[in-house]
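Engineer: Which chain is which? The protein sequence lines are D and U, in order.
In terms of UniProt numbering, the first sequence opens at residue 1 and continues consecutively.
In terms of UniProt numbering, the second sequence opens at residue 1 and continues consecutively.
Bear in mind the hints are in silico, worked out from the structure with no lab data behind them.
Hints may contain errors.
What the hints assert, rightly or not - To list a few chain D residues with every Cβ distance to chain U over 12 Å, as calculated:
#, residue
1, N47
2, R48
3, R52
4, R155
5, L176
6, R187
7, E192
8, Y342
9, K344
10, V361
11, I367
12, K398
13, S417
Said to hold, decoys possible - Lysine-lysine pairs mimicking DSS-like chemistry, simulated, CA-CA at most 27 Å apart:
#, chain 1, residue 1, chain 2, residue 2
14, D, K173, U, K436
15, U, K173, D, K436
16, D, K70, D, K6
All C-beta atoms, glycine included, are put in the ideal place defined by N, C-alpha and C.
2 protein chains.
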Amino acid sequence: MAEALKIGVAGLGTVGASLVRIIHERQESLAVSCGRAIEITAVSARNRDKDRGIDLSGVTWFDDPVDMAKNGEIEVLVELIGGADGAAREAVEAALARGVHVVTANKALLAESGVALAAAAEEKGLLLNFEAAVAGGIPVIKAMRESLTGNTISRVYGIMNGTCNYILTRMEKEGLSFEDCLKEAQRLGYAEADPTFDIEGNDTAHKLAIMTALAFGCEISCDDIYLEGISNISQEDIRAAAELGYRIKLLGVAQRTEGGIEQRVHPTMVPHDTVIAQVDGVTNAVAIESDILGDLLMVGPGAGGDATASAVLGDVADIAKSRPGIQTVAALGRPAKSLTPYKKARMRSHEGGYFIRLRVVDRIGVIAAIARRMADNQISLESIVQHSANGGGEAPTKTIIMVTHATTELSVRNAVSAMESDGYIVGKPQVIRIEKP
Amino acid sequence: MAEALKIGVAGLGTVGASLVRIIHERQESLAVSCGRAIEITAVSARNRDKDRGIDLSGVTWFDDPVDMAKNGEIEVLVELIGGADGAAREAVEAALARGVHVVTANKALLAESGVALAAAAEEKGLLLNFEAAVAGGIPVIKAMRESLTGNTISRVYGIMNGTCNYILTRMEKEGLSFEDCLKEAQRLGYAEADPTFDIEGNDTAHKLAIMTALAFGCEISCDDIYLEGISNISQEDIRAAAELGYRIKLLGVAQRTEGGIEQRVHPTMVPHDTVIAQVDGVTNAVAIESDILGDLLMVGPGAGGDATASAVLGDVADIAKSRPGIQTVAALGRPAKSLTPYKKARMRSHEGGYFIRLRVVDRIGVIAAIARRMADNQISLESIVQHSANGGGEAPTKTIIMVTHATTELSVRNAVSAMESDGYIVGKPQVIRIEKP
Chain D
1 MAEALKIGVA
11 GLGTVGASLV
21 RIIHERQESL
31 AVSCGRAIEI
41 TAVSARNRDK
51 DRGIDLSGVT
61 WFDDPVDMAK
71 NGEIEVLVEL
81 IGGADGAARE
91 AVEAALARGV
101 HVVTANKALL
111 AESGVALAAA
121 AEEKGLLLNF
131 EAAVAGGIPV
141 IKAMRESLTG
151 NTISRVYGIM
161 NGTCNYILTR
171 MEKEGLSFED
181 CLKEAQRLGY
191 AEADPTFDIE
201 GNDTAHKLAI
211 MTALAFGCEI
221 SCDDIYLEGI
231 SNISQEDIRA
241 AAELGYRIKL
251 LGVAQRTEGG
261 IEQRVHPTMV
271 PHDTVIAQVD
281 GVTNAVAIES
291 DILGDLLMVG
301 PGAGGDATAS
311 AVLGDVADIA
321 KSRPGIQTVA
331 ALGRPAKSLT
341 PYKKARMRSH
351 EGGYFIRLRV
361 VDRIGVIAAI
371 ARRMADNQIS
381 LESIVQHSAN
391 GGGEAPTKTI
401 IMVTHATTEL
411 SVRNAVSAME
421 SDGYIVGKPQ
431 VIRIEKP
Chain U
1 MAEALKIGVA
11 GLGTVGASLV
21 RIIHERQESL
31 AVSCGRAIEI
41 TAVSARNRDK
51 DRGIDLSGVT
61 WFDDPVDMAK
71 NGEIEVLVEL
81 IGGADGAARE
91 AVEAALARGV
101 HVVTANKALL
111 AESGVALAAA
121 AEEKGLLLNF
131 EAAVAGGIPV
141 IKAMRESLTG
151 NTISRVYGIM
161 NGTCNYILTR
171 MEKEGLSFED
181 CLKEAQRLGY
191 AEADPTFDIE
201 GNDTAHKLAI
211 MTALAFGCEI
221 SCDDIYLEGI
231 SNISQEDIRA
241 AAELGYRIKL
251 LGVAQRTEGG
261 IEQRVHPTMV
271 PHDTVIAQVD
281 GVTNAVAIES
291 DILGDLLMVG
301 PGAGGDATAS
311 AVLGDVADIA
321 KSRPGIQTVA
331 ALGRPAKSLT
341 PYKKARMRSH
351 EGGYFIRLRV
361 VDRIGVIAAI
371 ARRMADNQIS
381 LESIVQHSAN
391 GGGEAPTKTI
401 IMVTHATTEL
411 SVRNAVSAME
421 SDGYIVGKPQ
431 VIRIEKP
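One chain only, chain D, in its complex shape:
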């Protein structure tokens, strides 16, 4: 059997501790599967004294991950520190510069610096593996980078944030408000104390940016993603969606269009009888549409120490199975220098169906006025539902819910803004895009 593969783990949080424990516990079976042992020779974390429930005897401790990357007796750096800059980035750069393979779960780092890091890895014939960075344990990077070689991908989309999907699922199943579900998610550890990054879609955007590059062979562009979170989704939207045969999911979508590549993260109506609509709770799902294979959907755990550690371990095992310096898998599916520049499609040109919910004053002629504004903007309606008048303290109002046939974002914006200036709209109109498989 070949010599053991020596790895250094930077970051001993939930994922890092899981990984160390699993590699210790499964030494023998890993050696059988990989054709050689995987040995943790070095680790790095902030607090040396913390009890993580793992055995670190015989492992060299580094206080500084960059020091470990530069000087550790390692062939692979496993970076689990997180963050787009700072120690994570420096350690990864130092490892690649020195001829050490890198496995990382760091989506922010890749979304910001993925192309440069891929180029650095390729220059040295090193592997840069990052399965855990997108959709946790779901092997979506491997599918795009390896299985789909030769395919032209037209669209990738998915539920890539467990916190948001948990909240939306509970809102739907239990009729609770967004705020109550968020509190519950925080109590259960599914949401951070400051949940902004998850619920406003930034986390999904990071993952989407990486998938976009793999799908379309273009450079990563994380700043140009259209972003809309789930905090303004109400019970009214959820109920209206159900009535119309849809469920609401926070999707990240990247799509090739004539005008460029669309990257968008927003609450989305998906038809109730599709597979992705049934993905509930913290589970993630990623769909890939390609021209030879067709439609592929992968569903699984998108977070959690063990699930993420599993993806990291798969990446490490891939390196153990290949011989260092020999494998030629390009980190982003094709050599970094052959990636095309990212060409952004304008959001106003997005085409699709729309759900529009309006509260309007209940008077004669309003429906006709709304219909005229839709027609003025060449929007044709798939359905229109009027909900019973709501006679609160003020003037009576009613709710109008419309689902459009395919139209453009610009048309919808123009129509809604014309209606607002018409003066019969009460409150803020709700507009949710529809995505169909």
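We have chain D already, so just place chain U on it with the hints.
Structural biologist: Okay, now just chain U, sitting in the frame of chain D:
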């Protein structure tokens, strides 16, 4: 750039012709992704004069695939002939003996001879890739063989036969009989003129046998699979399933139990609100349950020339990206010589819920007698539904539908056979196993 990878394609049916066309059309992008060109240098098929709509100029033609495997100027044999024996097997054996990598879509060959072929490949340091053999375009082999390295898998199951799923879906959606749906499937080319192999579950069994070995690190055993097809599923079953919150799918299931490994293919009730229950038509789905990653489900096209060719191409690309003779991925996830013997769990020990539909004579005491037989066998009921009496020409009968809590196959068989000897059962009782994620 490295030299082109030379491949020989044996078999130019739908998949072979797709593959040749795609490799020609996408030469450049494949070369970019793989770091070198993929070149078809040889092909073999029965009829040289047939117009397949593909360009074979400059390609060496072999009438005999074994001759091509032995003498073609090739580094990879792509075997698309099919069949467990004969030319397919001889060509693969000849290629491996000669130091040529093999990519195959041949599930029958692998189910029968997979271990021996894996051993032959490993002895020479060759790759034996067979993504297309199970669930067509869905990268389930790669997920099990690579992504899940280090995981202990407890169960794999899936919808792996598009013909059966198409028939069951149409029966459910349109209320048609099994026979009518089968005819329609034949008319549309989704079923063979002789559909036995598909509808009786043999095709699913071949795929399951391969997955079982990958999942549990055991030898392949195709002969020991419990087999039950879909031809006796009636509209009554479909409607009763819907009423109870289930859908009927033909599943292949492999499961680790205390008594050994269960391998079974049978019509199965799956809860309506699960993701796999929503997989309709010819689409396939495979679920893998493992201890670190958790539950992974992959959904996609399980057949068709292009989808299958995509999987074959992914396998070829993996070889192009590695350097021949260097990669150490064991064909079955671990070296063939380290596979454990297959230990079969007895079907009578299978534990799970059961759906039981009985037609009984409508007389006092029958329900009590049925309940007693269930209790005698320690079977507890989740639900029991009695359907309105059917007053045909003969004695009046009624239908009893029961869903059990988890019990054993033996208990159910004993209970049903006791009821049959009691004399109140009319016709043949229907028993369908329930599978829960």
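Engineer: Run every hint past the structure and note whether it holds.
Structural biologist: Now for the hints, and whether the structure bears them out:
1. A cut-off of 12 Å between C-beta atoms confirms that N47 (chain D) is not in contact with chain U; the least separation is 25 Å.
2. Residue placement check: R48 (chain D) keeps its beta carbon more than 12 Å from all beta carbons of chain U (closest about 26 Å).
3. Listed as a non-interface residue, R52 (chain D) keeps its Cβ farther than 12 Å from every Cβ of chain U; the least gap is roughly 17 Å.
4. For R155 (chain D), the condition that its CB be more than 12 Å from all CB atoms of chain U holds, with the nearest at approximately 14 Å.
5. Non-interface call for L176 (chain D) relative to chain U: holds, since the shortest CB-CB distance, roughly 19 Å, exceeds 12 Å.
6. Consistency note on R187 (chain D): stated as away from chain U, and its beta-carbon is indeed over 12 Å from all of that chain's, at 22 Å minimum.
7. Distance to chain U confirms E192 (chain D) as a non-interface residue, since its nearest Cβ pair spans about 21 Å, more than 12 Å.
8. With a closest Cβ-Cβ approach of about 17 Å to chain U, Y342 (chain D) is found to remain outside the 12 Å limit, as its non-interface label requires.
9. Listed as outside the interface, K344 (chain D) is consistent with that label: its C-beta sits roughly 22 Å from the nearest C-beta of chain U, beyond the 12 Å cut-off.
10. Non-interface status of V361 (chain D) relative to chain U is upheld: no Cβ of that chain comes within 12 Å, the nearest being about 40 Å off.
11. Interface exclusion of I367 (chain D) from chain U stands, the closest Cβ pair being 35 Å apart, more than 12 Å.
12. Listed as outside the interface, K398 (chain D) is consistent with that label: its C-beta sits roughly 33 Å from the nearest C-beta of chain U, beyond the 12 Å cut-off.
13. Every CB of chain U is more than 12 Å from the CB of S417 (chain D) (nearest about 38 Å), matching its label as outside the interface.
14. Taking the CA atoms of K173 (chain D) and K436 (chain U), the gap is near 20 Å; set against the 27 Å cutoff, the hint holds.
15. Among the hinted pairs, K173 (chain U) with K436 (chain D) is consistent with the structure: their alpha-carbon atoms are about 20 Å apart, no more than 27 Å.
16. The straight-line distance between the Cα atoms of K70 (chain D) and K6 (chain D) is roughly 14 Å, inside the 27 Å bound, and the hint therefore holds.
Going through the hint list in order, the structure satisfies each hint without exception.
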